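Asks: Listed below, chain by chain, are the residues.
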Amino acid sequence: GAGVSQSPSNKVTEKGKDVELRCDPISGHTALYWYRQRLGQGLEFLIYFQGNSAPDKSGLPSDRFSAERTGESVSTLTIQRTQQEDSAVYLCASSLGGPPPQHFGDGTRLSIL
Amino acid sequence: GESVGLHLPTLSVQEGDNSIINCAYSNSASDYFIWYKQESGKGPQFIIDIRSNMDKRQGQRVTVLLNKTVKHLSLQIAATQPGDSAVYFCAETSNNAGNMLTFGGGTRLMVKP
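Line by line, the protein sequences give chains B and U.
Here the working numbering is used: the first residue of the first sequence is 1, the next is one more, and so on.
Here the working numbering is used: the first residue of the second sequence is 1001, the next is one more, and so on.
No lab work stands behind these hints: they were computed from the structure.
Only a predicted model underlies this, so the values are computations on that prediction, with no experimental measurement involved.
Built from N, CA and C at the ideal position, the CB exists for glycine as well.
One should not assume that every hint holds.
[Unchecked claim] A partial selection of chain U residues facing chain B, derived with a Cβ cut-off under 7 Å:
id: 1; residue: 1025
id: 2; residue: 1029
id: 3; residue: 1042
id: 4; residue: 1044
id: 5; residue: 1046
id: 6; residue: 1049
id: 7; residue: 1089
id: 8; residue: 1100
id: 9; residue: 1106
id: 10; residue: 1110
id: 11; residue: 1113
[What the hints assert, rightly or not] With a Cα cut of at most 30 Å, we get these calculated DSSO-like pairs of lysine-lysine:
id: 12; chain 1: B; residue 1: 17; chain 2: B; residue 2: 57
id: 13; chain 1: U; residue 1: 1056; chain 2: U; residue 2: 1112
id: 14; chain 1: B; residue 1: 11; chain 2: B; residue 2: 57
id: 15; chain 1: U; residue 1: 1056; chain 2: U; residue 2: 1071
id: 16; chain 1: U; residue 1: 1042; chain 2: B; residue 2: 57
id: 17; chain 1: U; residue 1: 1068; chain 2: B; residue 2: 15
id: 18; chain 1: U; residue 1: 1042; chain 2: U; residue 2: 1071
id: 19; chain 1: U; residue 1: 1042; chain 2: B; residue 2: 11
id: 20; chain 1: U; residue 1: 1056; chain 2: U; residue 2: 1068
id: 21; chain 1: U; residue 1: 1068; chain 2: B; residue 2: 17
id: 22; chain 1: U; residue 1: 1112; chain 2: U; residue 2: 1042
id: 23; chain 1: B; residue 1: 57; chain 2: B; residue 2: 15
id: 24; chain 1: U; residue 1: 1112; chain 2: B; residue 2: 57
id: 25; chain 1: U; residue 1: 1042; chain 2: U; residue 2: 1056
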C-alpha cells in the first residue's frame, strides 16, 4: 500500500515481557516519528529519525524504550520489561522532512496485562 | 473497538450546519500548524495546514484560521456531514523543534442526522 504500515495492529502481553513494534514508512520519506496515545488523550512524541542523522530521543519516557531505523526504511520500537502504564496506542508517522505534514499509520494497540 | 477520546470536549452539531473547532496553542515560536481528524481505531488523518505567515487558508469544505496574537487556531467545517464525526486534533511545530508535532488535547465532533 501507499500509506504508513504498522504491525502488529494489536498486541497483548504480560507485564515484564519485551515487545517490538514495527513501522514501514511511506517510500521516499526521510523523516520518521513515533508517538504514543493513551486512551482519551492526544499524542505524545517519543522519537524522531531524519535521514542518517542521530535520532532525537528526547520524548522517550524511560530507558526501557528504544527505537531503531534501518536507513530510510523500516523502524522498530522496542519496549523492555513492559509495565501496565505502557498500555496505549503507538503511532508511527513519516514525512518528506521539513514542515510538510506527517502521515500516520493506524497504530499498534498495546495492552499490558 | 477502543474509542479515542472518551473524556474529550464534545461539539454536537446538526447535519448541514457549520462547525467550528477551536484550539489554543502553547509555543509562540511555532511556525506551522496542522489539523488532523482521527476516527476510532485509526491513525490521525491530515486535513489542512497553515504556516505562521498566513492567517487563513481554505480547503474543500474546511477553513483554518490562525490568530498569532492570542495563539489561537480554529477549524471551520462547512455543511457538516455524518462522516465528519471524529476526534479533531490541532498540532503545532517548528523547524527548530525538528518538526516534531505537539498535539492539543482534541475535540470530539458529533454530527446529528
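Asks: Hints first: check each against the structure and report whether it holds.
Replies: Okay, the hints, checked on the actual structure:
| no. | hint | in the structure |
| --- | --- | --- |
| 1 | 1025 | 12 Å, violated |
| 2 | 1029 | 14 Å, violated |
| 3 | 1042 | 5 Å, holds |
| 4 | 1044 | 5 Å, holds |
| 5 | 1046 | 5 Å, holds |
| 6 | 1049 | 6 Å, holds |
| 7 | 1089 | 6 Å, holds |
| 8 | 1100 | 5 Å, holds |
| 9 | 1106 | 5 Å, holds |
| 10 | 1110 | 16 Å, violated |
| 11 | 1113 | 25 Å, violated |
| 12 | B/17 / B/57 | 22 Å, holds |
| 13 | U/1056 / U/1112 | 28 Å, holds |
| 14 | B/11 / B/57 | 23 Å, holds |
| 15 | U/1056 / U/1071 | 14 Å, holds |
| 16 | U/1042 / B/57 | 25 Å, holds |
| 17 | U/1068 / B/15 | 45 Å, violated |
| 18 | U/1042 / U/1071 | 29 Å, holds |
| 19 | U/1042 / B/11 | 16 Å, holds |
| 20 | U/1056 / U/1068 | 11 Å, holds |
| 21 | U/1068 / B/17 | 46 Å, violated |
| 22 | U/1112 / U/1042 | 22 Å, holds |
| 23 | B/57 / B/15 | 24 Å, holds |
| 24 | U/1112 / B/57 | 43 Å, violated |
| 25 | U/1042 / U/1056 | 28 Å, holds |
Of the numbered hints listed earlier, those contradicted by the structure are 1, 2, 10, 11, 17, 21, 24.
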